[in-house]
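**Student:** Read off the chains here:
There are 2 protein chains.
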Amino acid sequence: MSKLSVSEARELPVLQDDVAVPCCPPLTERPLSAEEAERTAAMFKALGDPVRLRLFSLIASHESGEACVCDISDVGVSQPTVSHHLKKLKEAGLLTSERRATWVYYKVAPDVVATMSALLDLRR
Amino acid sequence: MSKLSVSEARELPVLQDDVAVPCCPPLTERPLSAEEAERTAAMFKALGDPVRLRLFSLIASHESGEACVCDISDVGVSQPTVSHHLKKLKEAGLLTSERRATWVYYKVAPDVVATMSALLDLRR
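Heads up: the sequence lines are chains A and B, in that order.
1 is the number of the first residue of the first sequence in full-length UniProt numbering; add one for each residue after it.
1 is the number of the first residue of the second sequence in full-length UniProt numbering; add one for each residue after it.
For reference, chain A alone in the conformation it holds in the complex:
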């Protein structure tokens, strides 16, 4: 069995340097480079907190796929904490937001989440 080396990884062009975007084909195809792993791990980390994951599922499953803090109750944390977690999910690129009147509405970023899903789709 030959030694695995990340330097063997083909580098894919990164299209949007200033925006959090996941990259790369399914993980069975080739190892991630350090830079790719850095940006992609940040997205998985965002879902690695139970409260954030619940909030993400609340928004993803809400009618029209979006929700504001005003729609969320009963998760066992205060509204400022909810806002804090939603901001983290947005910073990781998993949610987008839009202010309408008093409230900020959060929506799942479908392309980003689809790429994360594809990355873990290891059927050869």
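Take the hints with a grain of salt, since some may be wrong.
It does not matter which identical chain is used: a pair holds within one copy or between any two.
Claimed, not checked - Computed cross-link-like contacts, DSSO-like style, restricted to lysine-lysine with a CA-CA straight-line distance of at most 30 Å:
1) LYS87 / LYS107
2) LYS45 / LYS90
3) LYS45 / LYS87
Just so you know, the hints here were simulated from the structure itself, not pulled from any lab data.
The hints should help you fit chain B onto chain A, whose structure is shown.
**Tutor:** Quick look at chain B alone, frame taken from chain A:
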């Protein structure tokens, strides 16, 4: 728009209490319960570290989908650190391991990773 409440979530039976298994349909279908979020977030958290994610991709993309520490080089961390991270991935349920002679071989747990992928497959 009605208030979202996690208590509205349908509870799915958990089949394997002692093993790390992800659960649940795609996140668009219904919010996760606290217990579901707890166990599933631990899996995303395991991939939320850049070194661990690289190691996971090295194993997933290696021939036959398995590798031992002896196959891994050039990730910028020591072999004990590699072993530590592989153990964490195993504890999270994402890898299985088997000792053969001197080395422990790690393999991706395909069902667990497939369920994580499906959870993030939000196409309705």
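**Student:** As a check of your reading, is LYS45 near LYS90 (CA-CA no more than 30 Å) within one copy, between copies, both or neither?
**Tutor:** both (13 Å within a copy, 17 Å between copies)
**Student:** Tell me, please, which holds for LYS45 and LYS87 at an alpha-carbon limit of 30 Å: within, between, both or neither?
**Tutor:** both (14 Å within a copy, 18 Å between copies)
**Student:** At most 30 Å between CA atoms: does that hold for LYS87 and LYS107 within a copy, between copies, both, or neither?
**Tutor:** within (12 Å within a copy, 35 Å between copies)
When each numbered hint is compared with the structure, no violation occurs for any of them.
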